[in-house]
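Protein chains in written order, with my numbering: chain A, 1 to 113; chain B, 114 to 228.
You may find that some hints are simply not true.
Unchecked claim - Partial selection, computed: residues in chain A whose CB lies under 8 Å from chain B:
#, residue
1, 39
2, 67
3, 86
Said to hold, decoys possible - Calculated Cβ distances over 10 Å to all of chain B for the following chain A residues:
#, residue
4, 8
5, 11
6, 15
7, 17
8, 24
9, 26
10, 41
11, 55
12, 87
13, 101
14, 113
For the record, the hints were derived by calculation from the structure and aren't laboratory data.
For every residue, glycine included, the Cβ atom is placed at its ideal position computed from N, Cα and C.
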Amino acid sequence: AQSVTQLDSHVSVSEGTPVLLRCNYSSSYSPSLFWYVQHPNKGLQLLLKYTSAATLVKGINGFEAEFKKSETSFHLTKPSAHMSDAAEYFCTCTPSGYSTLTFGKGTMLLVSP
Amino acid sequence: EAGVVQSPRYKIIEKKQPVAFWCNPISGHNTLYWYRQNLGQGPELLIRYENEEAVDDSQLPKDRFSAERLKGVDSTLKIQPAELGDSAVYLCASSSRGGGSYEQYFGPGTRLTVT
């Protein structure tokens with residue numbers, strides 16, 4: 001069985017400052033890990049994914065995440081927040097080769113001017 | 114390329130009424146998923162199709178929910194009768210193939226309110 005814990009329900013940053021959204025996973029198998037973003041009234045959009053290749057994964061819009069097996073973490077970062085980054089972010093995982101995604105509860109990112 | 118299309122976008126019904134949601138996946142995508150997203154939660158899988166076969170429906174409440182994917186293209190999810198607790202956003206997603214490394218593309222969802 002797998003599970004995902006997003007450690008913060010809300011994160012507030014100022015525009016231009018770094019973003020850190022934290023995610024820990026629990027999986028019995030080598031997992032595939034993903035970060036999705038959901039803007040209001042929009043579908044989820046894939047930001048990036050880890051599927052057992054490079055542990056530092058670069059995604060769209062300047063986001064990146066590092067897979068740390070020893071810490072069972074897959075935190076999402078961005079050096080400089082933009083107002084358009086304000087949205088809800090979901091960390092998900094699935095055992096490698098399987099399709100069923102297990103989603104975290106989400107982290108709402110608030111960006112102030 | 115057109116994305117995943119869902120309709121309607123919003124639906125308000127009274128409890129005990131039936132309701133249906135429609136999804137058209139990205140052309141050529143064999144795998145289709147239905148998720149339910151409750152307020153303040155992440156999506157939870159209801160059912161997954163590989164072509165026209167439902168290969169994972171373990172989380173689908175079969176007493177009131179049903180789904181079909183005739184011809185392995187578009188899909189319909191039905192609730193009959195609806196209960197107050199069914200109020201949620203119902204998301205459809207598709208991927209080119211099953212397997213965790215294949216990206217799932219999500220539609221905008223149908224927001225259901227049961228009164």
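Status of each hint after checking the structure:
1. 39: 10 Å, violated
2. 67: 14 Å, violated
3. 86: Violated, because the Cβ-Cβ distance from residue 86(A) to chain B comes to roughly 17 Å (cut-off 8 Å).
4. 8: Its Cβ never comes within 10 Å of chain B, the nearest being 14 Å, so this holds.
5. 11: 15 Å, holds
6. 15: 26 Å, holds
7. 17: Residue 17(A) clear of chain B: closest Cβ-Cβ about 26 Å, beyond 10 Å.
8. 24: Non-interface label stands for residue 24(A): nearest chain B Cβ at 14 Å, farther than 10 Å.
9. 26: The claim holds: residue 26(A) sits with its nearest Cβ about 15 Å from chain B, beyond 10 Å.
10. 41: About 7 Å separates residue 41(A) from the closest Cβ of chain B, which leaves it inside 10 Å; violated.
11. 55: Given that every Cβ of chain B is farther than 10 Å from that of residue 55(A), nearest at about 16 Å, it holds.
12. 87: 14 Å, holds
13. 101: 7 Å, violated
14. 113: 26 Å, holds
In the structure shown, a violation is registered for the earlier hints numbered 1, 2, 3, 10 and 13, in ascending order.
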